[in-house]
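So the sequence lines, in the order shown, correspond to chains L and S.
Using this note's numbering, read the first sequence as starting at 12 and increasing by one per residue.
Using this note's numbering, read the second sequence as starting at 541 and increasing by one per residue.
Check before you lean on any hint, since a few could be wrong.
Unchecked claim - Subject to a maximum C-alpha distance of 25 angstroms in a straight line, what follows is the list of computed PhoX-like cross-link-like pairs (lysine-lysine):
(1) K611/S <-> K595/S
(2) K553/S <-> K640/S
(3) K14/L <-> K595/S
(4) K81/L <-> K558/S
(5) K611/S <-> K558/S
(6) K640/S <-> K84/L
(7) K558/S <-> K597/S
(8) K595/S <-> K558/S
(9) K543/S <-> K595/S
(10) K14/L <-> K593/S
(11) K640/S <-> K558/S
(12) K640/S <-> K597/S
(13) K593/S <-> K558/S
(14) K81/L <-> K125/L
(15) K597/S <-> K14/L
These are computed hints drawn from the structure, not numbers from a lab.
If you're wondering where the values come from, they're calculated on a predicted model, not measured in any experiment.
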Amino acid sequence: AQKITQTQPGMFVQEKEAVTLDCTYDTSDQSYGLFWYKQPSSGEMIFLIYQGSYDEQNATEGRYSLNFQKARKSANLVISASQLGDSAMYFCAMREDYNNNDMRFGAGTRLTVKP
Amino acid sequence: DVKVTQSSRYLVKRTGEKVFLECVQDMDHENMFWYRQDPGLGLRLIYFSYDVKMKEKGDIPEGYSVSREKKERFSLILESASTNQTSMYLCASSLFTGQKETQYFGPGTRLLVL
């Protein structure tokens, strides 16, 4: 069963504007972690941000923030003040505590920042 | 900085060939992983290893094997390559097993099987 769903195959945003990339997940575990990665055209996956299921505050890392809504099982990535270098594939991933060798990835969203 | 390197960025092989994909990490990480990435499917785990000579199957191990003779090196082997193994292969490593532990990825190998 699909555990991570990213419903936006592609997104466009104007430079300097904010953009939200959606991610919903499915788990019956109470303890889990959520990750976002960026994959530029070079291919390397770059870790952006982490949110634990018990964290009370939404995670933030510079221009990246995670809008975590536990009851809705969503973990959307918000990128503020988009830059041309933000154009890339973005993947949401989850690791459940009961099986913490296994990280599940969504299908990804391709973000294009327009000048 | 963690560095994960993969032996080839691009590889073209013929059906039936034996293919070796090599991955090396330089940060003494315990865990190493092999994924394949296909459009619309995200990343799927092929195999992972949590120690030297230890390996466990991921979601899609069929047609693949792995080898970890040294801590820093994790090899993915396609015993007899087939066209449906044309894909992007990503290697990753992490220090420990743990909910918060992020994985560090290599640049990927784009494999084309003709």
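Do the hints match the structure? See the list:
no. : hint              : verdict
1   : K611/S <-> K595/S : 12 angstroms, holds
2   : K553/S <-> K640/S : 38 angstroms, violated
3   : K14/L <-> K595/S  : 24 angstroms, holds
4   : K81/L <-> K558/S  : 46 angstroms, violated
5   : K611/S <-> K558/S : 23 angstroms, holds
6   : K640/S <-> K84/L  : 18 angstroms, holds
7   : K558/S <-> K597/S : 20 angstroms, holds
8   : K595/S <-> K558/S : 20 angstroms, holds
9   : K543/S <-> K595/S : 22 angstroms, holds
10  : K14/L <-> K593/S  : 30 angstroms, violated
11  : K640/S <-> K558/S : 36 angstroms, violated
12  : K640/S <-> K597/S : 22 angstroms, holds
13  : K593/S <-> K558/S : 21 angstroms, holds
14  : K81/L <-> K125/L  : 32 angstroms, violated
15  : K597/S <-> K14/L  : 19 angstroms, holds
This entry does not satisfy hints 2, 4, 10, 11, 14, going by the numbered hints stated previously.
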